[in-house]
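K.L.:
For this one, chain E is given, so just place chain A on it according to the hints.
Here is what each chain is made of, one letter per residue.
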Amino acid sequence: KAGVTQTPRYLIKTRGQQVTLSCSPISGHRSVSWYQQTPGQGLQFLFEYFSETQRNKGNFPGRFSGRQFSNSRSEMNVSTLELGDSALYLCASSLVRDYEQYFGPGTRLTVT
Amino acid sequence: DAKTTQPNSMESNEEEPVHLPCNHSTISGTDYIHWYRQLPSQGPEYVIHGLTSNVNNRMASLAIAEDRKSSTLILHRATLRDAAVYYCILRDVNKAAGNKLTFGGGTRVLVKP
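Sequence lines, in order, name chains E and A.
If you're matching positions, the first sequence starts at -19 in our numbering and goes up one per residue.
If you're matching positions, the second sequence starts at 137 in our numbering and goes up one per residue.
These aren't lab readings, by the way, just hints derived from the structure by calculation.
Treat the hints with care, as some may be off.
Said to hold, decoys possible - Below, a list of computed lysine-lysine pairs in the DSBU-like style, where the Cα atoms sit at most 35 Å apart:
1) E:Lys37 x E:Lys(-7)
2) A:Lys139 x A:Lys205
3) E:Lys37 x A:Lys205
4) A:Lys139 x A:Lys248
5) E:Lys37 x A:Lys139
6) A:Lys248 x A:Lys205
Stated by the list, open to error - Derived Cβ-Cβ restraints for the label pairs, each shown as a range:
7) A:Asn159 x E:Pro85: 25 to 33 Å
8) E:Thr92 x A:His155: 41 to 49 Å
9) E:Pro(-12) x A:Asn149: 34 to 42 Å
10) E:Arg10 x A:Asn149: 28 to 36 Å
11) E:Gln21 x A:Ser189: 28 to 36 Å
Said to hold, decoys possible - Under 7 Å between C-beta atoms, here's a sample of chain A residues computed to sit facing chain E:
12) Gly179
13) Pro180
14) Tyr182
15) Gly234
16) Asn235
17) Lys236
18) Phe239
The model shown is predicted, which means the values in this text are computed figures rather than measured ones.
All C-beta atoms in this analysis are idealised placements derived from N, C-alpha and C, irrespective of residue type, glycine included.
Isolated chain E, as found in the complex:
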């Protein structure tokens, strides 16, 4: 069974631009969560989607948004990029809510 895949794996953007990251969950998994990892703040929860609906949101500004499609694939978008948005963005999927989660390898975003 294929694991969680994230594309692209690496991305370099300029301040002020926007970016879209993609996550394909494990087949059959309906819950997708996103996390940001930085050296200073560690791993922080961004949001969770289940059945195309955002079920939970972390403490991030409105520039961070996401969506989930009917096939459970998810995208997250960051608008008006700031230098502080440079981070590893991780996606995790699970079979149902409140179950163990499987993480992808992440997308490394660098904002210059």
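P.N.:
Relative to the frame of chain E, chain A by itself:
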């Protein structure tokens, strides 16, 4: 969210057991104790979870104190591949938190050959 406290780092010799402590004195009755680990340059991976009783799986064992205010993850025979950051996380399944995981700083485990 109930908070967990872990040592910043631990060292172990290869093929010896590793005991990773986690304190969670404000744990509630519906909090499950989860452990994840993150190998270098990878996303976190699930290790084990439990509620009250000790748990074993192919990766590790979880020993939970009788009052549930602390727990210990046990790696029975450390290998070089076990070098990672280990996170102890509490999840209240009765809340609307759903699949949100609140990560702390974790314990960085160094395994010496």
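K.L.:
May I ask you to test the hint 28 to 36 Å on the CB atoms belonging to E:Gln21 and A:Ser189?
P.N.:
Given a distance of about 34 Å, which is inside 28 to 36 Å, the answer is holds.
K.L.:
Has the given pair, A:Lys139 with A:Lys248, been kept, meaning a C-alpha gap of at most 35 Å?
P.N.:
holds (30 Å)
K.L.:
Holds or violated: A:Asn235 as interface residue toward chain E, Cβ cutoff 7 Å?
P.N.:
Status holds, d = 5 Å.
K.L.:
Using the nearest Cβ pair, does A:Phe239 come within less than 7 Å of chain E?
P.N.:
For A:Phe239, the interface hint holds, since the closest Cβ of chain E sits about 4 Å away, which is under 7 Å.
K.L.:
Can you verify the interface hint for A:Gly179: is its Cβ closer than 7 Å to any Cβ in chain E?
P.N.:
Cβ of A:Gly179 sits 3 Å from chain E, so the hint holds.
K.L.:
Let me know if the C-beta of A:Tyr182 comes in closer than 7 Å to any C-beta of chain E, holds or violated.
P.N.:
holds (4 Å)
K.L.:
With chain E as the partner, please determine if A:Gly234 meets the hint condition of a C-beta pair closer than 7 Å.
P.N.:
Constraint on A:Gly234 satisfied, holds at 5 Å.
K.L.:
Would you mind confirming whether the straight-line C-alpha gap from A:Lys139 to A:Lys205 stays at or under 35 Å?
P.N.:
holds (11 Å)
K.L.:
Given the hint that A:Lys248 pairs with A:Lys205, does the C-alpha gap stay at or below 35 Å?
P.N.:
Holds: A:Lys248 and A:Lys205 sit about 30 Å apart, inside 35 Å.
K.L.:
Between the beta carbons of E:Thr92 and A:His155, is the distance compatible with 41 to 49 Å?
P.N.:
At roughly 44 Å between Cβ atoms, A:His155 and E:Thr92 fall inside 41 to 49 Å, so the hint holds.
K.L.:
Is it true that E:Pro(-12) and A:Asn149 lie within 34 to 42 Å of each other by Cβ?
P.N.:
holds (40 Å)
K.L.:
Compare the distance between the alpha carbons of E:Lys37 and E:Lys(-7) with 35 Å, and conclude whether the hinted pair is satisfied.
P.N.:
Satisfied, since the Cα-Cα distance of roughly 25 Å is no more than 35 Å.
When each numbered hint is compared with the structure, a violation occurs for hint 10 only.
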